[in-house]
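*Asks:* Here the structure of chain A is known, so what remains is to put chain B in place on it, guided by the hints.
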Amino acid sequence: MTTVEFSPAAEPLAAKLLEPAREILARYPAGRERSALLPLLHLVQTEEGYVSPGGVAFCADILGINKAQVGAVATFYTMYKRRPTGEYLVSVCTNTLCNVMGGQEVYDGLVEHLGVGHGETSADGKITLEHAECLAACDYAPVVTVNYDFTVDQATPESAVELVENLRQGKEQTPARGARICSLKEMQYQLAGFADPRDGAVADGVAGAPTLRGVRLAQQHGVAVAGFDPDTPITKTKPARAEGGLPPRTDEADKPVEAKPEGKIASAVKKAATAAKSAAGAVADKVGEHRHAGRTTDTGDVKDPEVRAAESRNPTGDTPGDPATTSPAPGNPAERAGVASNEPAGDGKPAGDTQRGESIVTQRNAEQKPATVDPNPGWQNVRPGTEEEK
Amino acid sequence: MTQPRPEVLQKLTPVLTKRWLSPDAWQIGVYERLDGYLALRKALDVHPDDLIQLVKDSGLRGRGGAGFPTGLKWGFIPQGDGKPHYLVINADEGEPGTCKDLPLMTYDPHSLIEGAIIASYAIRADRAFIYIRGEAVHAARRLRHAVQEAYAKGYLGKNILGSGFDLDLVVHSGAGAYICGEETALLDSLEGFRGQPRLRPPFPAIAGLYASPTVVNNVGTIASVPYIVLGGADWWKSMGTEKSSGPMIYSLSGRVVNPGQYECGLGITLRELIELAGGMQPGHNLKFWTPGGSSTPLLTAEHIDTPMDFEGVAAAGSILGTTAMQIFSDQDCPVYNTWRWLEFYHHESCGKCTPCREGNYWMVRTYRRILAGHGTVADLDTLQDTADNIFGRSFCGLGDGAATPVVSTLKWFRDDYLGYIEGRTAPRLSEKSLVGAH
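These protein sequence lines map, in sequence, to chains A and B. Numbered continuously in full-length UniProt numbering, the first sequence closes out at residue 390. Numbered continuously in full-length UniProt numbering, the second sequence closes out at residue 438.
Chain A with its partners taken away, still in its complex shape:
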């Protein structure tokens, strides 16, 4: 990536976050930068504690997608907050097991003590409280986390109130099994995929007794799995890579394989690649046909976001291989028929959906008026007869 032009809303964040954002983008394959969206949204929260409109604009600008696409993702995930948060996020598990082991009382006690409800922040701006779904520590139930680090195990209403008071007063609180406590914004930096910058934090937190219970029992009673020999040989039927048994890896199908003297494997590779290519071509052609049926060609860069999304997933619109032959065939005849009649489109979604959408659009266009430039012919929005009213 060279330079990004940021919209005014995104500029303040861009000034601070451009460098780490670029580092995040570099983790994903070229052309697949959209994968960086989740870490980028975490990154935005390091500055603002929530995903602000400016944060949405920043992510959209840097990825070259629109704000609605970013917003759709940001609102889907629980950890992206839509309102400013406090310094610490205190989560109480109230899913079934923690709930019946006392988690509900712990949560209710904190609600009363702090005077806030789910997702709300205490008046001093210190604590945002939430009830959480299973936090994957049922053997320590009920659990309370601070900024997602396990802080109080086998919590009681008293120990939870003590925890939030310690946090509010800046007293030291040693987490049960997590690292030393930081602020929620600092934690977001780690969620964006960066190493914990605090010296020694990674070493914090020892395994609790429940985690080690089974393995300790085995140790105490001298139980071990017999017959483990790390030198057990692996049956070799082919020479290993080091001995030249594998063809050199090709990164894309287009790379010429002919240049090398053709061994048995190389020619098989070539054959397979050609087959995959022609199959892919056929699918691409079909997809192309559907895509353009009854629609004027796009003028300029205005693109249906769905098309853009599909393209960004799979720019060439091909589907590798022939799913009917290479994926495990479903056992029952009805499923097999479904598979046969529902070949995948380029974006991995069934082509059937597209066909249906296109046919509705075509029908509408034929019935009503000559096709005008409609950059967004999403069939979900089509209400026949209402075009003029809009």
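Hints were generated in silico from the structure; no laboratory data involved. Just so you know, these numbers come straight off a predicted model, no measurement behind them. Be a bit skeptical, because a hint or two may be false.
As the list claims (entries may be wrong) - Calculated cross-link-like contacts (lysine to aspartate or glutamate; reagent style EDC-like; alpha-carbon spacing at most 20 angstroms): (1) 158/B to 168/B; (2) 411/B to 422/B; (3) 432/B to 112/A; (4) 236/A to 45/B; (5) 432/B to 130/A; (6) 237/B to 229/A; (7) 238/A to 422/B; (8) 236/A to 32/B; (9) 56/B to 311/B; (10) 432/B to 108/A.
*Replies:* Relative to the frame of chain A, chain B by itself:
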């Protein structure tokens, strides 16, 4: 608390959990002293196809719930297709009751990384991703640290240990969506979209991440691989049963004296596991339990001797799932518990398909009404009908999982429902909950 009998203790198989006893095993130096990265050296010495065969021979089945044979899955990746291949590790542990992957990644992160390198070599992938649940911050912290160490030592990156094999590994944190544990939703999420499941086929083995051949495996599955490479398929099969080989980490929680992680050969029974866990808590008698998280049909006290392997649990009408056993007693109410699970499924439904999105919405409200003392007998038929319309008609397994506790509690504990309806049981929810105060 009673001591477990010696013959039951002998059923413990500390393999994946063994390094947890060494508090510094998360550091690469300690890991290397404990057989670490030995399996990688051994694996790079053989042809990838031979590794796939080894895993097939071991009978290893996926530890994420479905129990699909791992070697077979790897074998589905078309070779020589010129496409990039990917390995994606599903570390989005969030199934209620499940708590085995987080400790593994926190206390022994290198075993997962080593397994990931071997698996990538076998399927000929040069990029691997660990999609870790967002909330699992400490595990992610340790994993990221371990990945850095592995790069520094030449176990990751270009030309690993001089073999000519390259691999980049990225630890990618999710953002709090249970649905992303579903493999195709996980792939969408990893591509930067809302985590919603895709229609299959095409399966990820053909068109997965970035529409390329992809293997998606659970943490426990991948972490098992180095042990199989070291000890061999026969040794691995010396644990577990004929069709469900190897050790499994059983997560016991709830009304037992010592909840925790117990690694035993597949096929152990709940009776034996409860014995290992020091028995039921005083005053509690086993009433119902989940064999593998809340998405698996509940079992009752009469199933206490069911062998906990894929076949045994299936024969009892449930699913082994993630072997997350939430154990409830006669002091717990199956109706209340099911309501709470449904609130969870309702919250986590991705909204893509109607049965799950709408069905959970309405079932939650029906439960609130029953638990507030306003239920009618007709509500039970409504629940059964709704659940039947969700099960098998949802886009992915989340809907099936949601219908599961409803159907099984209606089957086993109808009288508990009638207790609220007929006024024999005091209401558990206040009127307030009926106006959507949640």
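*Asks:* Taking each numbered hint in turn, which are not upheld by the structure, reported in ascending numerical order?
*Replies:* 7 and 8
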